[in-house]
Every structure is written in structure tokens, then in C-alpha cells.
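Trainee: We have chain S; now place chain F onto it with these hints.
Spelled out, the chains give:
2 protein chains.
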Amino acid sequence: MASLPNGAAAAGGPSGAPVVDKEVDFANYFCTYAYLYHQKEMLCDRVRMDAYHSAVFRNAHHFRDKVVLDVGTGSGILAIWSAQAGARKVYAVEATNMAEHARELARANGVTDIVEVIQGTVEDIELPEKVDVIISEWMGYFLLRESMFDSVICARDRWLKPDGVMYPSHARMWLAPIRTGLGDKKMEDLDVAMDDWGQFVEETQVYYGVNMNVLSKAYRAEHEKFYLKSSIWNNLHPNQVIGQAAVIKEMDCLTATVDEIREIRAQVMLPISLDGARLAALAGWFDVHFRGSKQNPANEEVFLLTPSLKVSKGDSVNVSFSMVRSKENHRLMDMEFTYELHEFSGKQHPAITTKMYLE
Amino acid sequence: MASLPNGAAAAGGPSGAPVVDKEVDFANYFCTYAYLYHQKEMLCDRVRMDAYHSAVFRNAHHFRDKVVLDVGTGSGILAIWSAQAGARKVYAVEATNMAEHARELARANGVTDIVEVIQGTVEDIELPEKVDVIISEWMGYFLLRESMFDSVICARDRWLKPDGVMYPSHARMWLAPIRTGLGDKKMEDLDVAMDDWGQFVEETQVYYGVNMNVLSKAYRAEHEKFYLKSSIWNNLHPNQVIGQAAVIKEMDCLTATVDEIREIRAQVMLPISLDGARLAALAGWFDVHFRGSKQNPANEEVFLLTPSLKVSKGDSVNVSFSMVRSKENHRLMDMEFTYELHEFSGKQHPAITTKMYLE
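Protein chains in written order, with full-length UniProt numbering: chain S, 1 to 359; chain F, 1 to 359.
Hints may contain errors.
Copies of one chain are not kept apart here, so a pair can be met inside one copy or by any two copies together.
To be verified - Result set (BS3-like, lysine-lysine): computed pairs, CA atoms no more than 30 Å apart in a straight line:
#	residue 1	residue 2
1	Lys355	Lys40
2	Lys217	Lys89
3	Lys225	Lys22
4	Lys217	Lys40
5	Lys355	Lys313
Since the hints were derived computationally from the structure, they do not count as laboratory data.
Excised from the complex, chain S in its bound form:
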């Protein structure tokens, strides 16, 4: 869909960044957040909820008598916690109509004199004062999908006092070598899809006199992207990890810039710690910190490596990684992994490059 005129594509902005059509962005992105169903899904994520809950209440001194800005408040839970932790004033900004529900919720929880819900985007709204704390649950798959941190940066640059604090304060992205049967499963799915296509081509020729075979290659490419080149959200078992994990990106939320996250490039060496394993994928995840207290509110993304590699203890995998915003939709990410096996014996295998999509 590279040339689909969907607004986010084609034209470049002053800094070479794609121009974002706000209306398209609303249609594509914000609208899901207007459903209570979706809000509930997020609120049922215990790991995430617990991380924020203890961050707020264990650091209540950061909130007591302070002014707080909650970026993308959704149903308003972080804003209410901030008020409960003693904030003098909480500005809770929400772009969708969920703002109305956040207002009701603040009322029902007796914090209506503290929590002020403002419907709008943080890029557009005005506040009557600077804030001491910015809190936000902005993390998408593999941290940066959704590109919502851009809005947090904007909020910080516009409204955070010089000595203000960010919740979360730091974030890291990780990669680790793993073994998994997922690749075989997906390959089987792809085979089934292609068998089905083959039958369709045959039938279309026989019944309708049109030869569709010329599209087989494109059909396969479309399905390879879907089955093999799209990251898979997954809960990993610790013993799937067959070597050392590495940080590919560290970020201080107080100083990070949009330029810094628009394109991420890293090269890491991942030592293998298990004998005779098959390196079938890389796992990616993130963790965030709240001023010292480490939290990991995220699940793993699996990036399949096809072909997989047979590896042994003592080998290392050299991984070059890049993640760039998709040209068609700035909230999605195009990734590229180059992986290269260095055997313990000194033998070095040729590098393999694979694209991967976080959609």
C-alpha cells in the first residue's frame, strides 16, 4: 500500500519527518480508545496496573501538594490515583470522548475538585500553569509502537517545570536470542494458505476462464509478511531464552527527543549459553523505571528468524537492528534485523537480513 494517499505518506515535513494528517490519525488511532471495552482490557493488565499503582503510592512525596498532568488519561485511573496520593491539582488530558467517562469516574470517586478532565490533544490544549509531574501510560508494543511518546515529549516541553519529574522516568528496549516452535507453526499456516490459493487459481481458471497464477508471487509475499514478518506478541518461558539479553535502547524521559526515537539503530553481540539449540527468533521487550523503582510492565514481542540457526554454547550472534517509523503510518514501525553467527571455533557465518513489521 506504499502509495495509498492516506495522508501520513508521501509528503515530508520541514524536518523530513512525515506530515501527519490529524483527521486520518483520529480515524486510525484514537478511535479504539473511545471504547470502554478497550479501556477495561488495559485496566485488567495486572502487571501494568501494579507497576503504576506502586510507583504512585510508594512515591507519594512526588505527588503530595503537587500539580500533575496525565497525558492520555483514558478512563482517568492514573489521574485519580495521583489525586488520592495527595496531588493539589491534576490535569487529565484525553482526546477521545472517553473524557466524559473520566469526568464521571472522578466525580464518583470524590476527586472532582482536584482532577480536571480536559478533552483535546496535549499538542493543542492550554493549561493555566506549569506542572510538577507528568504521568502517562504511553508505551506500545516493543515500547515505541503507537508513537504516543511524541505527545508526552510535547507535553513535557510545553508544561513541565524545570525541576519536574516524569512517570515513568526511564525506559529500555531489550533483545534476546530464543528458541521457539512458533516459526514452524507459522510456516505451516503459510503452506496451508498457499495450498488454498493454488486451488483457488485452478478453480478460477476452470469455472471462470481467468488465469490468476500471475498473482501467486504477490499473494505469497502478502502472506509471508503476515505470517513470518510480523512480530508476534507472546509470553515467553524463561528457558526459551538461549543466551544473553542486551539493551538496544535506553531513554531518559526527561531529556529524550522525538528525533532520538524516530529511528533507532543498534548493534549488539548476544552470547549463546545453551548447547545444540536452534536460534529461531529474537525476543524483544521493554522495561520502564519510576525514579529508581524498576518495573517491567511489558510482554514480549517475538521476531521470527527465518531461516533459524543451529547454535551452541560459546557461539555469539551479532545482531544489527533498526526500527524506523512506517512511511504509511507514523504509529507503526518497520524493522530490520541482520543476524550473523560467530561460532566459538572462530567460524563466521554469512549475515542474514530480514525485515520485520510491528503493526
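Mentor: Okay, now just chain F, sitting in the frame of chain S:
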């Protein structure tokens, strides 16, 4: 999401019609058609394929040595058939990048000298000549969902010769009273969803100190819309129909206007032909004609009636129907059914009105 600034909402155009933001429309609507997977799904619909195939080849005299315009050609199948049926020239218009595949397909099927694929919307493109035939597979759920017929009308008014023909030429929308267990099933699903919500509210209070109960009513409304007020695509068994079907809209594709389909209102009396049945839903479907040869390339939509009504042979149901384009997205439809049971005995029950969404 009534006030979401998603482009299609709010502002009115010169005729009072909502202004369509083309970029948003592309993001929301056209992009699915850019996938071969989706094209294949449509091409695997035998009823639809057979209807068009026989329409073209049984009426080959309409195509022989004629100029044809295919509106929204997709993979190009109708354009190729038109060429195979003897057309002198076929302009195949496609907005998405599927146009490239249509070109390949035309080449592979040896009709590249006849089929000219033009990438663009039929509202924007220019043709070098007027056409004798417009062919298009524009029908959405319950005929009008997707509002693609607007584009066919535009194509007709811009490019069809005064004595040109339309494929299909006529379309009708039908309603019939049916019995079904779907409503009970959906009601159970709703109960499960609400039980789950109840537990969530309790846990959020206990674990996180926030009372979410104030949102229960809104959560129920959101889910009622999803489970009970959204039409359900379904294959009906003939003996589910418990009374007479009625045409609620007839349309001549040669003369129909956008104004005529923007809002549809009808009132029909549906006599019941089965004793002791429960009127649990209305079924809606459409059929289209190709210059005399009747075809029914569509499946049924089920519109649940909650509450359902106990009915008997000889009773009649008076149904008032309206279908208006959704303010938020002109391709979706908001419907309202008012149903009123007239017993054979003369007893008349109070009218019940229910909204229904075709999304």
C-alpha cells in the same frame, strides 16, 4: 464517538450532506481492498461470481464491440470478462494499489490491448470517451453499506452514453419476519460480558481503590450495541421465515440518485403465516437484476428484535424502517425499526422502536 473529529462528522456540505474527508476515507475504507487476501475472499463468493459471470456472458451482445467502464475493478475480473465477452475497450478504474495487480492479470490473460487499468477514484479520473456499459460490483451488506453506489452514480452521470446500460441494472432491498435463536445466544453473551465487568469493578475497588461502578451503565450500553443492536450476517434456512417478505426499496441503477439512497424510509405490513411462532428478528437482504435476468448475489442480514414477540398465523407485523448514513462515517448505516403487532383478532399491540447499526 459522536463528536470524534474524524472528518466525516460535524460539518455539512452544500446539500446538507456530510463532508467526506478523502484521506480519512482512504484510511478507513479503501485500504482493505488493497489486499489480495480480501480480493480472493470476494472472488471465492460463488453466488456473486456466478451471477456476474452469467450476466456478462449470457448478455454478450451488450458487450460485443462496446466500450465498458468497470468501477472499482479490484483484481480486474469483471474487466477481463468484459473483454472476453467481446468488448472493444474496457476502462478498469481502481483506487488502491490493487490496480497494479489488475494490470498484471490483464496481461497474463491476454487482454492488455482491451483492458486499460486506471488507478484513481472514478470521481477524479478522466476518460477519453463515453462508455456503452458500466459494470461494477458495488453492493455492500444490505445493499447500501459502504455507500459505493455513490461512485457508480458519479461514473454514470459523467461517462455513460444516453443509451448506455448498467450492470447490474436494478436492485431491491427486502425485509421478512423470522424466528431465530440468535437473540438468546447474544443475550447470554451480553450477560457473560456484564458478569465479567461486575467482577472487574469489584477487583478494581479492592486492589486499586477506585470505584468504577458509575461506568456500568455506559459499559452495558456499549455492549448492547455490539451484541443486540448490530446487524448479524447470517445464512437463513427457509423455514426460519415465518411470514411474507416485502420489498422496502427498489432502485433503477440508470436513474437512481444519491439523494434517493442517502436516507431510506419504508413502511410495510408483514403477514405472519405460521402458528405460535416467536418473531425474534427481521431478515434483510437484497437482490440485483441484470437487464431481466434475476440474480440474488447476497446473504441475509439479521436484525434482532428485543423483545421478541409471540405471533400466530393471520397476525401481521407493521414495520416502519429507516436507514440513514452514519454521521461519523458515511459508509456505515444507522437504522431504526418500529414494529407493531396486529393480531388476527383485531387486537393491536403497542409499537416498539429499536435502533440498529450496520457497521
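Trainee: Indicate which option fits the pair Lys217, Lys40 if close means a Cα-Cα distance not exceeding 30 Å: within, between, both or neither.
Mentor: Answer is between; shortest inter-copy Cα gap is 14 Å, intra-copy 41 Å.
Trainee: One pair to classify: Lys355 and Lys313, alpha carbons no more than 30 Å apart. Within, between, both, or neither?
Mentor: Answer is within: at 27 Å inside a copy they meet the 30 Å cutoff, but 64 Å across does not.
Trainee: As a check of your reading, is Lys225 near Lys22 (CA-CA no more than 30 Å) within one copy, between copies, both or neither?
Mentor: both (28 Å within a copy, 28 Å between copies)
Trainee: At most 30 Å between C-alpha atoms: does Lys217 with Lys89 qualify within a copy, between copies, both, or neither?
Mentor: between (59 Å within a copy, 28 Å between copies)
Trainee: One pair to classify: Lys355 and Lys40, alpha carbons no more than 30 Å apart. Within, between, both, or neither?
Mentor: Between copies only: 25 Å across chains, 33 Å inside a chain, cut-off 30 Å.
Figure legend: structure checked against the earlier numbered hints; every hint is met.
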